[in-house]
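With chain L held as given, fit chain W onto it using these hints.
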Amino acid sequence: MKKYSGYLIALGLLMLAPTMIYPVFLMKLLCFALFASAFNLILGYGGLLSFGHAAFFGGASYITGHALKVWGLPTELGILFGAAVAGLMGLAIGMLAIRRHGIYFAMITLAMAQMAYFLFVSSPFTGGENGLQGVPRGTALGMIDLQNDMSMYYFVLAIFVIGFLIIARTVHSPFGQVLSAIRDNEDRARSLGYDIERYKLLAFVISATLAGLAGGTKTVVFQLASLTDVHWHMSGEVVLMTLLGGLGTIAGPAVGAGIIITLQNYLASGPLAAWVPVVLGVIFVICVLAFRRGVVGELRELIKRQF
Amino acid sequence: MLTDLLGFPPQVLFGQLLLGLINGAFYAVLSLGLAVIFGLLNIVNFAHGALYMLGAFATLGLMKFFGIGYWGALIFAPLLVGIVGIVIERLLLRRLAGVDHLYGLLLTFGLALVLEGTFVKLFGASGIPYSPPAQLQGGINLGFMFLPWYRGWVVVASLIVCAATWYLFERTKIGAYLRAGTENPRLLQAFGVNVPLLTTLAYGYGVALAAFAGVLAAPITQVNPLMGSNLIIVVFAVVVIGGMGSIVGAVVTGLAMGVIEGLTKVFWPEASSTVIFLVMAIVLVLRPAGLFGKAA
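Taken in order, these protein sequences are the chains called L and W.
Note that the first sequence ends on residue 307 in full-length UniProt numbering; no numbers are left out.
Note that the second sequence ends on residue 296 in full-length UniProt numbering; no numbers are left out.
So that you can see chain L by itself, here it is in the shape it has in the complex:
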């Protein structure tokens, strides 16, 4: 039980948080925390730098928005459908990208995501530059009215917890261990008889699906799906969140997402609003040069040295 006490405290705080903090902001934070955690599965544990995760996040965002607004699907089904489509996109892009290594993997995912971006821009159902507006929030499980921000918050929190548990379970499963082994030494894992392509692909699909879960949920919260969610800047932002929080740590990406979203929110209302990309860029450079373990990674190192 002691092992999980930190997480239980965090969950308790998250349950109480909306009484003190604006719930819509918290929901945004949770969506991005889930997105970054899903991304960490492929970068932190798989060692594969995907520069195209916006395609899954933003793609699911559009699909969920369309399913709820035009088809009138129930909210939870719409979100699951968005996640499933993101998973299929992950399968298609992943099959191409795992054919190359390292830097090429990053370039391929970026290029494929850009292709997805152009397809979404030109498809009539996305509303192009205007985005998909007025997506209904609907009801959760046909009972709870999600128009209310408080009930919406607990709905989002439940999705986040489920997604986070899936990620934690995956990381600590034998599958996750093999994935880390492939990250550390691909040739050794191969010589031990593991079909590394299959492991990489499955990890990529899981990561894409959960990124889609986050994207679909975000659409329901803001009742909007827009081009920003599929743009490559978003792919860069999720890399930054994960890096800042700590690559390959369970809690790191959520922490990183929290810092970046809070910072963006804070800057957006101040005189530095137009400088947000520059600030993010500077954080990027600092993280890469001096802070590669990230916040959680550094803390873990500090605790290790203390005891």
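Just so you know, the hints here were simulated from the structure itself, not pulled from any lab data.
Any given hint could be a false lead.
[Said to hold, decoys possible] Derived list of chain W stretches under chain L, where covered just means 3 residues or more per stretch with a C-beta under 8 Å from a C-beta of chain L:
id, segment
1, 90-97
2, 159-172
[Claimed, not checked] A partial selection of chain L residues facing chain W, derived with a Cβ cut-off under 7 Å:
id, residue
3, Leu49
4, Tyr104
5, Ile108
6, Gln114
7, Leu201
The beta-carbon is built from N, C-alpha and C at its ideal position, and this holds for glycine as well.
Then chain W, alone, in the frame of chain L:
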């Protein structure tokens, strides 16, 4: 004529072909710069698009503050941006030696955000026009199409620079060092060659190539802080298609992709923005190592 049979007037076809060749020339020069940098630094330079943009802005700045026109800018803008590149390499990229190559991509991505964000803040996101030099205004009617002199010049100038780069790498002493540095930097260092200096120069040269493309582009596309950010992603796809192993491969792939894109604009305009990514996907299925790459 075949083109008339297909219902496309030859002017449209050849016009788009020429545009395709121009884009292809930019792809060639930019992917060549990426390949030079990757060879010695093992870094994919995400800031390449931003530095291309910097080259175009340097052209404007040279005009405004020093009265240096197009021809001067063709020399001085790449030189200036090359110096910026050398500073970036010395101050930042050098610190990543021995770290996973992916961090180089992330660092240069951050740099691209900083550069583009700053220029958007300073100059806005709309374009600033720059007129081609007096000597290259107007054009010639070739019978089947009208060829603006400047557009022809862009293709020729790009090819000259690519050929010069090929000569530098394949036929000179310093080129031999650069190739040796790509193969085995430690052994080269042991022979008494200053490899860190060579690395710095290679980054400066690759970046200068990007800036050169930026100067060429200034009179064609308006000078815009974001002119490089979408371009660089296409160039990445070109690099995946061609592989970064050979100079000739980079140039041929760049030009070919430009032409394919141009032809797609004629026959299937909706697909023109995605066709290069589609080609990349097909190449990855059929020849995962890339057209000119060696199998890993």
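Quick rundown of the hints versus the structure:
no. : hint    : verdict
1   : 90-97   : holds (count 3)
2   : 159-172 : violated (count 0)
3   : Leu49   : 5 Å, holds
4   : Tyr104  : 6 Å, holds
5   : Ile108  : 6 Å, holds
6   : Gln114  : 5 Å, holds
7   : Leu201  : 14 Å, violated
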